[in-house]
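Build out the structure end to end from the sequences listed, making use of the hints.
Here's the letter readout for the chains.
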Amino acid sequence: MNVEILAVAIMTGLATSLLGVFLVLRRMAMMTDAISHTILLGIVLAFMWVGSLTSPVLLVGATLMGVMTAYGVEVLYKSHRIKEDAAIGVVFTFLFSLSVLIITLQFRNVHLDIDMVLLGKIEFTIFERWRFLGFDFGPRAFFVMGFAWLISLVFIAVFFKELKITSFDPALASVLGISPVLFHYALMTLVSLTAVAAFNAVGAILVIALMIGPPITALLVTRTLVKTLVVAQLIALFNAFTGYLLGSLLDLTISGTMATVTLLTFLVVMVCAPEKGLLGQTFRRQRQRQMLAIATLIRHIANHENTPEAADELDIENTASHLQWSRTFYRKRLEKAMAQHYLTVENKQLTLTEIGRHYIRQFDDDARLAERRDNT
Amino acid sequence: MFTRRKQLVLLGLLLTVMTLWACGTDRDDERPLVVTTTTYVGDLVRQIGGPYIEVITLIGPGIDPHDYQPRQSDTKWLLDADLVVINGLNLEERFGEVLRNLDSRSLLVLGDHVKTEQLLFEAPNVPDPHIWFDPAIWMALAPVVRDALIAIDPANQAAYTARTLQYQRDIEVFVHYAMQQVETVPSSRRILVTAHDAFAYFGRAFGFEVYAVQGISTSGEASIVDIENLARLLAELDIPALFVETTVPEATIQAVVEAAAALNHTVVVGGTLYSDSAGVIASGTDTYLRAYRHNITTIIQALQSHD
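Sequences listed follow chains C and B, in order. Just so it is clear: in the first sequence, position 55 is 54 by numbering that gives the first Met the number 0, and no numbers are missing. Just so it is clear: in the second sequence, position 78 is 77 by numbering that gives the first Met the number 0, and no numbers are missing.
Please note that a few of the clues may not be correct.
Among the chain B residues that face chain C by a calculated CB cut under 8 Å, a handful are [unchecked claim]: (1) His-65; (2) Pro-69; (3) Arg-70; (4) Asn-89; (5) Glu-92; (6) Phe-94; (7) Glu-96; (8) Leu-98; (9) Ala-122; (10) Pro-123; (11) Asn-124; (12) Asp-196; (13) Glu-249; (14) Gln-253; (15) Val-256.
Coverage of chain C stretches by chain B, computed from C-beta distances (three or more under 8 Å per stretch; other residues unrestricted) [what the hints assert, rightly or not]: (16) 51-60; (17) 100-108; (18) 114-127; (19) 245-259.
What the hints contain is simulated information worked out from the structure, not anything from laboratory work. For every residue, glycine included, the Cβ atom is placed at its ideal position computed from N, Cα and C.
Listed below in structure tokens is the structure:
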């Protein structure tokens with residue numbers, strides 16, 4: 000167990016998932032994937048300039064290209080000619096293929112690679128320390144990610160209202176005089192800087208998982224932006240912690256276990272969430288179907304009561320076939336309706352109780368009200 | 000968010016996990032621990048340290064250094080190591096640079112000890128990191144490793160010195176044998192075609208011209224023109240074989256074979272060469288010299304076969 004690696008994992012999870020909420024809301028979830036590829040062009044161009052693989056200029060180039068990618072996508076999307084996902088697809092492949100072209104034409108004998116510049120191995124982040132005034136504070140990645148997290152927090156706190164409006168209703172934002180363009184560029188700058196810092200700390204694939212996983216999980220159980228942000232942070236914390244412990248105990252690569260836990264958390268919440276969960280929905284749909292069946296049964300009795308064919312239609316044995324229900328389904332609904340005192344059986348004939356009559360009157364009144372509302 | 004009972008369950012789980020962790024056994028080996036990156040570096044250290052040290056190799060057989068993913072135990076080895084030896088010259092990419100932050104006394108970067116005039120360059124200021132394929136360079140690095148081992152374990156100085164001399168003789172014997180083998184191939188046929196460019200030092204040491212389909216960077220792609228040019232060259236010089244590598248996929252080389260066939264020149268895949276990593280113990284190619292001998296035998300046999 001290495002507390003420093005755990006700290007880096009948690010801080011990276013917190014910083015990325017915070018901004019990830021806005022990426023998901025803006026349908027730009029794959030932005031990080033695009034940036035993870037296009038930074039190669041930044042590295043290649045910087046290498047053309049300085050001619051050294053170990054120069055820090057390469058990192059600057061990578062970071063700038065990350066920001067450029069985000070701006071490029073934003074410009075294309077703002078043109079309203081193409082949608083978000085297509086904008087990402089175009090910018091991503093264009094910049095990436097440009098870097099492959101330059102490598103093949105100019106540097107085919109040089110090992111130019113993203114891993115040359117960005118570490119991407121969380122296990123080894125503890126070897127890069129932050130030393131200041133002769134004192135060793137800890138892994139540098141922890142402080143870089145912590146800084147990114149703080150800036151994002153301040154940005155979101157100060158401009159919360161503006162971000163909310165521009166993310167959900169850009170048209171309204173324009174009317175209100177809030178420039179969505181400005182906020183989106185500011186947001187995307189933060190996203191790309193955080194993404195590149197996180198690539199260095201934990202590697203590209205994990206960053207995509209960390210940025211998107213907690214927000215989509217949180218969106219399954221929350222309805223307001225504040226709650227989504229808070230729950231996403233908690234889930235990110237949980238994922239980082241559990242993923243780290245798992246990787247540590249089984250001696251696997253930690254980015255792998257963290258990404259796996261992120262997926263598992265999402266799946267569990269998707270199935271088990273109280274309101275929007277698959278289990279809850281199935282259960283509710285089942286209940287609604289049963290309620291509807293009971294209402295149908297009551298309606299059937301009300302329709303045929305005191306009519307010539309009542310003897311046949313309301314015979315306890317024949318009703319199932321008149322309603323075209325299976326015997327078991329019929330028996331269960333009948334038992335339920337009797338248990339709730341909607342109807343009784345007299346001489347093998349189904350008869351509505353006072354409660355049943357009240358139920359059907361209520362039902363008709365509601366329907367009439369609804370009809371009148373629709374007409375006006 | 001959680002009920003009190005769930006909190007207790009979580010806490011219990013956490014404590015169990017922590018206890019399990021604490022029970023993990025620590026190293027009970029008293030010998031100095033040397034952690035190395037590639038299989039070749041690991042072998043060099045093992046040859047000189049012999050039974051007096053414990054050697055851990057992080058990037059195992061058959062793994063491209065580019066694809067290496069560390070595990071938690073790798074961090075532990077690095078933190079516990081008395082000495083860390085890496086190839087350097089960017090073979091370990093950013094991770095090699097990060098390791099320089101370790102206490103410099105305990106890190107040996109082999110590439111830093113190769114004379115500049117011995118190095119080959121991929122581009123100005125970018126040295127080719129595959130230095131082990133020049134036996135002269137590798138032999139000159141043996142005393143460097145010896146001195147590093149003596150620094151952490153002075154008690155066994157005599158043993159390290161003797162083993163270094165023995166290993167240098169082993170390399171000399173091998174080079175002599177390899178040279179004799181190479182002589183059996185006509186000099187016009189001494190052309191080595193592989194998938195990626197790991198054999199420049201080999202070419203210089205044994206007088207081979209070396210062509211690679213892909214170049215060194217795995218981010219680039221071999222173009223159709225590259226493949227056709229290479230196929231034409233094979234046909235013109237009547238080269239019977241080209242080679243695949245254990246750490247590089249076979250597809251690009253197959254493309255060259257097919258392009259040559261279109262020019263009515265039959266070229267076969269002469270075999271698999273060890274490039275960035277030696278083999279597993281079971282294959283009998285787990286040391287530097289065994290892997291190199293395998294490469295020489297494979298190359299010579301394939302290039303002779305059409306006589």
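Evaluation of the provided hints:
The beta carbon of His-65/B is positioned within 8 Å of a beta carbon in chain C (closest approach about 6 Å), and the interface hint is therefore held. The interface hint given for Pro-69/B is met, as the beta carbon of that residue sits about 4 Å from the closest beta carbon of chain C, less than 8 Å. Nearest Cβ of chain C to the Cβ of Arg-70/B: about 5 Å, under the 8 Å cut. The hint holds. Hint status for Asn-89/B: holds, given a least beta-carbon distance of 5 Å to chain C, under 8 Å.
Restraint check, Glu-92/B versus chain C: the minimum CB separation of about 4 Å is within 8 Å; hint holds. A least Cβ separation of about 6 Å between Phe-94/B and chain C falls short of the 8 Å threshold, and the interface hint therefore holds. At a threshold of 8 Å, the smallest CB-CB gap from Glu-96/B to chain C is about 6 Å, leaving the interface hint in force. Using the Cβ-Cβ criterion of 8 Å, the hint placing Leu-98/B at the interface with chain C is satisfied: the shortest such distance is roughly 6 Å.
Interface hint status for Ala-122/B: upheld, as the beta-carbon distance to the closest one in chain C is roughly 5 Å, under 8 Å. For Pro-123/B, the interface hint holds, the least distance from its beta-carbon to any beta-carbon of chain C being 6 Å, beneath 8 Å. For the restraint placing Asn-124/B at the interface with chain C, the shortest Cβ-Cβ distance is roughly 5 Å, inside the 8 Å limit, so the hint holds. Satisfaction of the interface hint for Asp-196/B is found here, the shortest Cβ-Cβ separation to chain C being roughly 6 Å, below the 8 Å cut-off.
Hint status for Glu-249/B: violated, given a least beta-carbon distance of 20 Å to chain C, over 8 Å. Interface restraint check for Gln-253/B: the shortest CB-CB distance to chain C comes to about 19 Å, outside 8 Å, so the restraint is violated. Here the hint on Val-256/B is broken, as its CB sits about 21 Å from the closest CB of chain C, past 8 Å. For the stretch 51-60 of chain C, the stated coverage by chain B holds: 3 residues have a C-beta nearer than 8 Å to a C-beta of that chain, and at least 3 were required.
As drawn, the stretch 100-108 of chain C meets chain B at 5 residues by the rule of a beta-carbon pair under 8 Å; at three or more, the given contact holds. Chain B is given as covering the stretch 114-127 of chain C, and this holds because 12 residues of the stretch bring a CB closer than 8 Å to a CB of that chain, at least three being needed. Look at the stretch 245-259 of chain C against chain B: 9 of its residues bring a Cβ nearer than 8 Å to a Cβ of that chain, three or more, so the hint holds.
Violated hints, listed in ascending order, are 13, 14 and 15; each of the other numbered hints is respected by the structure.
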